[in-house]
Amino acid sequence: MMRAVLHSSVLLKAVMAVSGLLMVGFLLGHMAGNLLIFLGQDALNSYAAKLHSMPSILWTVRIGLLVCLLAHVFSGIKLAIKNRQSRSTPYKVKHPNASTLASRSMAITGCLILLYICYHLAHFTVKWTHPEFQQNPGDVYGMVVTSFQHPLIAFTYVLSMAMVGAHLYHGIKSAFDSLGFYHPFYSVLVCRIAKVTCVLLALGFSSVPVCVYFGLIS
Amino acid sequence: MKLIFEIWRQESPDHKGQFKTYEVNNLDTNMSFLEALDVLNEQLLREKKEEPVAFDYDCREGICGMCSLVINGEPHGPLQGVTTCQLHLRSFKDSERITVEPWRAKSFPIVRDLVTDRSAFDRIISSGGYISVNTGSAGDANAIPIEKAKADQAFDVAACIGCGACVATCKNSSAMLFVAAKVTHLSALKQGEVEKEERVLKMMTSHDMEGFGSCSQTKSCEAVCPKNISTAAITALNREYLRAAVKKPQALS
Amino acid sequence: MNLDGKIPKGALADKWSSHKFQMSLLAPAQKRHYKILVVGTGLAGASAAATLAELGYQVEAFCFQDSPRRAHSIAAQGGINACKNYQGDGDSVRRLFYDTIKGGDFRSREANVYRLAEESQNIIDQAVAQGVPFARDYGGFLDNRSFGGAQVSRTFYAKGQTGQQLLLGAYSALQRQVARGGVKLHTRTELLDIVVDHDEVKGIITRNLVSGKINRFAGHAVVLATGGYGNVFYLSTNALGSNVTATYRAYLRGAGFANPCFTQIHPTCIPVKGNYQSKLTLMSESLRNDGRVWVPKSGDPSRNPSQIAEEDRDYYLERIYPSFGNLVPRDIASRKAKEMCDAGKGVGPGGLGVYLDFSDAISRLGEKTMGERYGNLFDMYRQITGENPYKTPMRIYPAVHYTMGGLWVDYNLMSNIRGLHVIGEANFSDHGSNRLGASALMQGLADGYFILPYTISHYLASHKPTLTPLDNNLFNRVESQVTAKIRSLLSIGGSRSPHEFHRELGKIMWNYCGMSRTTEGLRSAIAKIQQLKQDFWQDLYIPGSAGTFNQTLESAGRVADFLSFGELMCQDALAREESCGGHFREEHQTSAGEAKRDDQKFAHVAVWQHVNQDRGSSGVKGDEMRPIKTKRHTEKLEFNEVQLTSRSYK
Numbered sequence: 000m001m002r003a004v005l006h007s008s009v010l011l012k013a014v015m016a017v018s019g020l021l022m023v024g025f026l027l028g029h030m031a032g033n034l035l036i037f038l039g040q041d042a043l044n045s046y047a048a049k050l051h052s053m054p055s056i057l058w059t060v061r062i063g064l065l066v067c068l069l070a071h072v073f074s075g076i077k078l079a080i081k082n083r084q085s086r087s088t089p090y091k092v093k094h095p096n097a098s099t100l101a102s103r104s105m106a107i108t109g110c111l112i113l114l115y116i117c118y119h120l121a122h123f124t125v126k127w128t129h130p131e132f133q134q135n136p137g138d139v140y141g142m143v144v145t146s147f148q149h150p151l152i153a154f155t156y157v158l159s160m161a162m163v164g165a166h167l168y169h170g171i172k173s174a175f176d177s178l179g180f181y182h183p184f185y186s187v188l189v190c191r192i193a194k195v196t197c198v199l200l201a202l203g204f205s206s207v208p209v210c211v212y213f214g215l216i217s
Numbered sequence: 000m001k002l003i004f005e006i007w008r009q010e011s012p013d014h015k016g017q018f019k020t021y022e023v024n025n026l027d028t029n030m031s032f033l034e035a036l037d038v039l040n041e042q043l044l045r046e047k048k049e050e051p052v053a054f055d056y057d058c059r060e061g062i063c064g065m066c067s068l069v070i071n072g073e074p075h076g077p078l079q080g081v082t083t084c085q086l087h088l089r090s091f092k093d094s095e096r097i098t099v100e101p102w103r104a105k106s107f108p109i110v111r112d113l114v115t116d117r118s119a120f121d122r123i124i125s126s127g128g129y130i131s132v133n134t135g136s137a138g139d140a141n142a143i144p145i146e147k148a149k150a151d152q153a154f155d156v157a158a159c160i161g162c163g164a165c166v167a168t169c170k171n172s173s174a175m176l177f178v179a180a181k182v183t184h185l186s187a188l189k190q191g192e193v194e195k196e197e198r199v200l201k202m203m204t205s206h207d208m209e210g211f212g213s214c215s216q217t218k219s220c221e222a223v224c225p226k227n228i229s230t231a232a233i234t235a236l237n238r239e240y241l242r243a244a245v246k247k248p249q250a251l252s
Numbered sequence: 000m001n002l003d004g005k006i007p008k009g010a011l012a013d014k015w016s017s018h019k020f021q022m023s024l025l026a027p028a029q030k031r032h033y034k035i036l037v038v039g040t041g042l043a044g045a046s047a048a049a050t051l052a053e054l055g056y057q058v059e060a061f062c063f064q065d066s067p068r069r070a071h072s073i074a075a076q077g078g079i080n081a082c083k084n085y086q087g088d089g090d091s092v093r094r095l096f097y098d099t100i101k102g103g104d105f106r107s108r109e110a111n112v113y114r115l116a117e118e119s120q121n122i123i124d125q126a127v128a129q130g131v132p133f134a135r136d137y138g139g140f141l142d143n144r145s146f147g148g149a150q151v152s153r154t155f156y157a158k159g160q161t162g163q164q165l166l167l168g169a170y171s172a173l174q175r176q177v178a179r180g181g182v183k184l185h186t187r188t189e190l191l192d193i194v195v196d197h198d199e200v201k202g203i204i205t206r207n208l209v210s211g212k213i214n215r216f217a218g219h220a221v222v223l224a225t226g227g228y229g230n231v232f233y234l235s236t237n238a239l240g241s242n243v244t245a246t247y248r249a250y251l252r253g254a255g256f257a258n259p260c261f262t263q264i265h266p267t268c269i270p271v272k273g274n275y276q277s278k279l280t281l282m283s284e285s286l287r288n289d290g291r292v293w294v295p296k297s298g299d300p301s302r303n304p305s306q307i308a309e310e311d312r313d314y315y316l317e318r319i320y321p322s323f324g325n326l327v328p329r330d331i332a333s334r335k336a337k338e339m340c341d342a343g344k345g346v347g348p349g350g351l352g353v354y355l356d357f358s359d360a361i362s363r364l365g366e367k368t369m370g371e372r373y374g375n376l377f378d379m380y381r382q383i384t385g386e387n388p389y390k391t392p393m394r395i396y397p398a399v400h401y402t403m404g405g406l407w408v409d410y411n412l413m414s415n416i417r418g419l420h421v422i423g424e425a426n427f428s429d430h431g432s433n434r435l436g437a438s439a440l441m442q443g444l445a446d447g448y449f450i451l452p453y454t455i456s457h458y459l460a461s462h463k464p465t466l467t468p469l470d471n472n473l474f475n476r477v478e479s480q481v482t483a484k485i486r487s488l489l490s491i492g493g494s495r496s497p498h499e500f501h502r503e504l505g506k507i508m509w510n511y512c513g514m515s516r517t518t519e520g521l522r523s524a525i526a527k528i529q530q531l532k533q534d535f536w537q538d539l540y541i542p543g544s545a546g547t548f549n550q551t552l553e554s555a556g557r558v559a560d561f562l563s564f565g566e567l568m569c570q571d572a573l574a575r576e577e578s579c580g581g582h583f584r585e586e587h588q589t590s591a592g593e594a595k596r597d598d599q600k601f602a603h604v605a606v607w608q609h610v611n612q613d614r615g616s617s618g619v620k621g622d623e624m625r626p627i628k629t630k631r632h633t634e635k636l637e638f639n640e641v642q643l644t645s646r647s648y649k
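Residue numbers (numbering that gives the first Met the number 0), protein chains in the order written: chain A, 0 to 217; chain B, 0 to 252; chain C, 0 to 649.
Bound conformation, chain A alone:
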């Protein structure tokens, strides 16, 4: 069975779809948490404290996410290798033939997002890039504000969110296709919701660094 999954393009795509959708679900929750920053320092910090007070749930989610991420990346790489091998000579004239830029650059946006995730974890979770944050781990608000006042960090985050937006612009509806969801009416609806979701996520996440950088939050 496992071997079948490893060799079947449809099953690999299904793995990508399920893991991807779960991560989108997580992102929605993550974004809601982030937006608490607009309610002030206490709201965000107490939310963070509450999460850390439930280690079992926190770690379940973290492990779940890690599994999703690994599965997504693994199947993505596996498929990408196969797909690259399927054409040895490229075309001289490149023509999109109705495909979107987002759909053609899933591998690139995916890789960039993976790099970003590593940086993001090093930044806020394990705090390697800012060892000084270790001194006051409960002040999430402070960490966010201090970080995003730095233009390069704010820019990196906004750019990465644009990547997430682009990745999900194609990814969400593609996931439904990969899982075989088709209905002449509801599929159109899903497609719209998917687009709204990816714009929402990109804007929602980006709003924090933008607002901090321009001093709307301090």
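Do not take every clue at face value.
Claimed, not checked - Residues on chain C that point at chain B, a partial pick, calculated with CB under 8 Å:
1) Asp124
2) Pro132
3) Leu167
4) His498
Calculated directly from the structure, the hints in this document are not laboratory data.
We treat Cβ as the ideally placed atom computed from N, Cα and C, and that holds for glycine.
Go by the hints and put chains B and C onto chain A.
Frame of chain A; chains B and C shown alone:
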């Protein structure tokens, strides 16, 4: 009318290919694209310097699926819903430079110039693209009524001509649209239900083994398909495949 | 020449069933010791190969295309006839039989046609079981449309792609057998000769079109399902690859060629645009239901049609045939169009076209209704011509699209060479001198699925399962002739392409052996063809070599055969001193200009024999250039069930 063709020339699978440029004058806007290549070939023949350009064709009315050609990056050229043989020079500007390439996919090796070997499609059909009924064992044709909508739906995907444009345009050289057309055609009909699960699993296994890539849902196959087959078929294929894989996991390997 | 049709004794309705019982059978365990070579994978070939493999024979199938699915059967549009009587409108085996015999102008065998009508029902059952998506009504049952030459609705269809869907059904059955190992498939492979020993077929010689390799195959029986020869006219509705090579080379080896002059010319095709044109496109004849055919009465026919006043238009079909008007049968509509153009009234480039005008129907029904009825055809027309048929009348002209003649076969579909079976359009068939619409698919599939598999076992049962060894002298000799011919072609070193000769041959055939023929015209055509053949063998140029994928070489071989075959066709047309169906001799017409049959003298099948048969196609340039040597034989047609009448559409 004058056109400048930049055409992929490759003597055999073992030779290295390259683009060569040819200028053809005295063309007529009413000519089909393949007729313009005929004129070029007559010209090459008269000059006796180079061998004519090899390209596939047969019916020249858009149904046999033999003709191919990627024209300025678009399989079957710029018009929607037609094959190369139905494309006319009206669609081009005078003195336009046109790049003509073969279908490019590892699973469609080049035979010569613009001719490719698409026998992988035959092997995919062999793996399960049929209803197992021997001659003579059929019951009366009207014994099983089939809902008109289903019959029409089956027809729409059965219209596939197996030309391979979907593979040619796909960034992954995936043949999922081709497989999906056959799978959904047969499973839409009651006659095809019995082997539904085996069929989809076997055909996709064959598809993957032939070296075609996976579907990234860019929908460019749908855009170039001369028979306008919708990618909804691919979604339906995924559904059938997943259902079959759950129901008959033993048939997977 | 032995032309015993082997028609079974007994009442017409019992002939086939009692014959099936009387034929010898082969036990399943024996079948696998016999090898059958099936050449061509259209409806007839694919269905035969699949069925024979299901029965347990070793089958090898050959096609020149890159896949069996591309055979030209795929282009058939209209539908397939079957006397299912699902519409309850009084259809029956007997009625289909009668319509077909009459439609063929009484030049086919009663027993064959009756069997065809009987088997037509099984075809529909088989196709539906294979998943062919025929049109259905809202109750979920199969729908029918009506077609020319019949007063009942018996045509099953899948939009305008019936041939495609039926072929894909047969193709998938074939591919299923390929996977099972029952059929070995050879694509991009062309038959170049057959190997015959003492009037019995032993095998075939083929050329791999990719590598150029010449191969030998031995078989206990050979089935030719290689289609028709309409491309002898260069421009036809056939696929460009369709050719006469297989049947013509079998003819050179001694097989009789029956009624080669019987060709069907379809009246509603898009006219020729220019010298470069490679192919003609058919427009469904259903258009004549709402279109009116006309030409300008006088003056310059190249005027814009909108400038020609109503009273200056000659609606000639309505004028000559007041009761049938624009809906006269195909052969008549075609012939009259040609007459108009010959009289200098033709419209469009070269004056080869007549108008098919929808303006009356459009003003009566509106563009929308017309679009619903004929939208796809109008679009197709616009695509090809760049003209909008809603605004300006269509231009149409007749084009060759089917050939009723073919290799002579007996009731068992076996030619006069033992073991050499011929099915589908390749045999001289059941359509007499004119085929009814939607009957070609029926015949191809009846032959392949339901007739040949029975009759071939009858033949094999009387043979030991030993194969002629491939290194046998028989094979050596034929192969050396095949390679000699290729060498001869390549070594001419002239200056003209095979297409140029083909185009010229087409013009001769079309002008003198097309819609209407005369003694004088045919005689001059024969002389012109002989001259053209001389030129061909002296001035042909083929670049490249024999050992590669060489499309010019492929087409040169085919054109060489068409050149000789064209001569044979003209001879047949010349010898048949009557008019019947698609064969119209101007000398033999009624005072009203209609076809006049001569049942006294010509109620027979004309079968042509190549006189130097043991030489086959020697491949030596000098031999190839010579005029053909032929002998005409006949098989008398007996009519016991139907009465020979003459057609009138006034």
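Verification of the hints:
Among the interface hints, the one on Asp124/C holds; its C-beta lies about 4 Å from the nearest C-beta in chain B, closer than the 8 Å criterion. Using the Cβ-Cβ criterion of 8 Å, the hint placing Pro132/C at the interface with chain B is satisfied: the shortest such distance is roughly 4 Å. Taking 8 Å as the C-beta contact cut-off toward chain B, the hint placing Leu167/C at the interface holds, the least distance being around 7 Å. Taking 8 Å as the C-beta contact cut-off toward chain B, the hint placing His498/C at the interface holds, the least distance being around 7 Å.
Of the numbered hints given earlier, the model fails none.
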